[in-house]
Amino acid sequence: MNQKENKVIPVISIQGQNCTGCVTSTLCSEYPAIKNIVLSDILPGVKLDFLFHQNLMTASGNLAVEMLEQAQQAEGSVLIIDGAIPGEGIYCSTGQKGQKTYTIAEEVVSLSKKASLVIALGTCAAFGGISAGSPNPTGAQSVEDFFMTNSIDKPLINISGCPPHPDWLFGTIEEVLLKGADNIQLDDFRRPKTFYGKLIHEQCPNRSYFDEGKFAKKLGDEGCLYELGCKGPITYADCPIRQWNGKTNWVIGSGAPCSGCTQPEYPDFVGDFYDRIIDVQVAANAKKITTENI
Amino acid sequence: MKKIVIHPITRIEGHLKVEAVVENGVVKDANMSGTMFRGIEMMLEGRDPRDAVMITQRICGVCPEPHACASVAAVDDYAGLTGSIPGNGVNLRNLILATRAIADHILHFYILSGLDYVDPAKVSDYSGQDKDLNMLKGFLEKGYSKPFLPRDDIDYRLDDRTTQEVVGHYIKAMDIYRKAQEAATIFGGKWPHDAAIVAGGVSENITADKITQFLWRLEEVADFVENIYIPDVVAVAKAYNDYLAMGTGCRNLLAYDGYTFGARTLFKGGLVTNTSQYDPVDIEKITEDVTHSWYEQSDELYPGEGRTQPKADKKEAYSWIKSPRYDGEVFEVGPLATLLSTYLAGENQKVNDLIDSSLDLVGAGIEDMYSIAGRHLARALEAKILASEAAGWAGSLKPGEPTTTEYDPPADGKGIGLAAAPRGALGHWLNVENGRISNYQVITPTAWNASPKDKDGQPGPYEQAIIGLKVKESQAPVEILRAIRSFDPCTACAVHLTTPKGGTLGKYKVV
Chain A
18 MNQKENKVIP VISIQGQNCT GCVTSTLCSE YPAIKNIVLS DILPGVKLDF LFHQNLMTAS
78 GNLAVEMLEQ AQQAEGSVLI IDGAIPGEGI YCSTGQKGQK TYTIAEEVVS LSKKASLVIA
138 LGTCAAFGGI SAGSPNPTGA QSVEDFFMTN SIDKPLINIS GCPPHPDWLF GTIEEVLLKG
198 ADNIQLDDFR RPKTFYGKLI HEQCPNRSYF DEGKFAKKLG DEGCLYELGC KGPITYADCP
258 IRQWNGKTNW VIGSGAPCSG CTQPEYPDFV GDFYDRIIDV QVAANAKKIT TENI
Chain B
-16 MKKIVIHPIT RIEGHLKVEA VVENGVVKDA NMSGTMFRGI EMMLEGRDPR DAVMITQRIC
44 GVCPEPHACA SVAAVDDYAG LTGSIPGNGV NLRNLILATR AIADHILHFY ILSGLDYVDP
104 AKVSDYSGQD KDLNMLKGFL EKGYSKPFLP RDDIDYRLDD RTTQEVVGHY IKAMDIYRKA
164 QEAATIFGGK WPHDAAIVAG GVSENITADK ITQFLWRLEE VADFVENIYI PDVVAVAKAY
224 NDYLAMGTGC RNLLAYDGYT FGARTLFKGG LVTNTSQYDP VDIEKITEDV THSWYEQSDE
284 LYPGEGRTQP KADKKEAYSW IKSPRYDGEV FEVGPLATLL STYLAGENQK VNDLIDSSLD
344 LVGAGIEDMY SIAGRHLARA LEAKILASEA AGWAGSLKPG EPTTTEYDPP ADGKGIGLAA
404 APRGALGHWL NVENGRISNY QVITPTAWNA SPKDKDGQPG PYEQAIIGLK VKESQAPVEI
464 LRAIRSFDPC TACAVHLTTP KGGTLGKYKV V
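As given, the protein sequences belong to chains A and B, one line each in that order.
Going by our numbering, the first residue of the first sequence is number 18, and it counts up by one from there.
Going by our numbering, the first residue of the second sequence is number -16, and it counts up by one from there.
A portion of the hints provided could be inaccurate.
Unchecked claim - If you only want the chain B side, here are some residues facing chain A, beta carbon under 10 Å, derived:
(1) Met(-16)
(2) Asp135
(3) Pro293
Claimed, not checked - These stretches of chain A come out as covered by chain B in the derived footprint (C-beta under 8 Å, 3 or more residues):
(4) 48 to 54
(5) 70 to 79
(6) 186 to 193
(7) 230 to 240
Hints listed in this document are in silico derivations from the structure and should not be mistaken for laboratory results.
The structure displayed is predicted, hence computed values, not measured ones.
Note that CB positions come from ideal geometry on N, CA and C, so glycine has one too.
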């Protein structure tokens, strides 16, 4: 590689118990577009080199497994994991070479060794998410829990969301490149405060309806969606400001209640998606929001 | 006799493995394995029926929107709302589904399948002005090649100029995919996992500016489909014309009705057998067999009653995917089935004319559609039909009028929701007791297509498409991969089940 002027960051993207939604979301990154991220510099003079990406690579089978084995040797890589890690290997086997079957758990162990940063992409990787939904049939774990169980100590950032917004991933990588991973401000759940610093409720354009006590009684009505199950009062993300898919829309903008998909409580402990949040959850966040009007 | 194992099969949705037995360059036997399991349907038990649309979309992040549509259709059916969804609501659901299906087909042909037919490394000789191609050329000149290289030996056949053009379209397809998803998000709320598709309709209110924003994005996507995607598929089908006779598969096709507006249906569902025999589908004849799946053995069950317990140490099993069968027979689903069923039903002359004229362009007949190249052509034609129809549907939206109807369900009941998904026939079966979900079953297109052998030893459609293929010696023969990818696998969709609460989950231990 005749890359004298460039800083090259090896990136390895692997998938556990996932739905590929984290990938289809990040494919829709607007600025930078995914073609620029893969083929060009993400920042002036800084190139991400995708050593492994299951949905973009040509190779399959043995050769793909060999690419993973080589990627284990990449110093200072960024390892991006989407999907959860099951309690037992057979629930997610990811490759085979000769008689040896690889599992997502083994991949995470071997690829994290030389990684300088691990990113748990999406709520399954960050917190277990849908894959660990009650009754958690496969014992699915988040990357953080898996690291604790296996005594792996690596810098870890959670980019939660079902799916995560593409800016949350690439914006975090850009921030790491500019400031260093140690200087990223994270919340209690290892999420970058840049994107997860405020409640949806604090930033919501329907907030004035909430404060006035004007609540929609059925979907399609004008008013705050609180009574229809909106989880905005307990959910940290910047969706109201950032919006989705080229700023064409976002969940509450489309008249639907926020489901709390960036939260560790998702999907079981946010309550029914279309019913009012249970009061105990609001109380836990009481210092952040105003509930007098309810 | 040699056994070839390809695991992982990349550039698909999810985790899939194939074991093929090859003798004298011909595949004699094949086993397809879905290698990832989550148990999504178990998570639905005890939940509010309306929540199913949120959970079932997470079955698949490549094609969540058909799960949304099938799920709300099942809940509408249970709640007795099917006939009272406002026209706007019906229209919006169809628009979201159609637009995302077009995006999905573009993603499949270029990003997921494209590298089987064109070599991006050939762009190093490019001398034109296209910005994307020059960006790729610069990438190669600086010594980068991953994740495109290394690769196995592939018989790339397009000439250098055509290759460069198609590779340029591969890069452009990433932009068009994004724009198509933006268009659908105007009505759906976000991509992936739409929020606005709800029991009773769609929560998004309609305004004229949203319709216009949608239409102009659709226009750009439709232009790409008509003038780039279709010609590229035709060019590939001509250069690889032996692929119009390869990967034929089981030759039985099954489709559900797709894009229904009251009494009108764009795609007519049905069964196609012996190329020209058309019959309506009786969904009561669908059962799921688990002989070679990691679940406790049971009789084949109708999905409304299906309840299976995982058994990871089952000896004769090799997949997490079950084997859906129709009247005990193997059926293929997908755009090929959707189009040929509509073709034989003969109710939509425009569809028939488009299929006939496209086959003329390729120099092929209807029987050649049962093939690797034929599946790609069917998918592209479906995208073209949807792109042209969607503009009319958007134009008939009524700003300011209702998009939902009130949801006031009974305590107990059952519902079925069917959809013509981008990968074919999708069904959701819902049972409700005391206002909560008591059983939920999903049969996805990829479950039909990637299913393992059944109790009678009949291989599933992928397996049948691979068996008999002539392959070149390699650790991962491209002929096998092209056959599998022609179905557009979505394995997270295919793997799912329900277990009785408290059931044990097997004792298999790895790591």
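Okay, the hints, checked on the actual structure:
1. Met(-16): Interface hint status for Met(-16) (chain B): violated (17 Å vs cutoff 10 Å).
2. Asp135: holds (6 Å)
3. Pro293: holds (7 Å)
4. 48 to 54: holds (count 4)
5. 70 to 79: holds (count 10)
6. 186 to 193: Violated, because only 0 residues of the segment 186 to 193 of chain A bring their Cβ atoms closer than 8 Å to Cβ atoms of chain B.
7. 230 to 240: holds (count 3)
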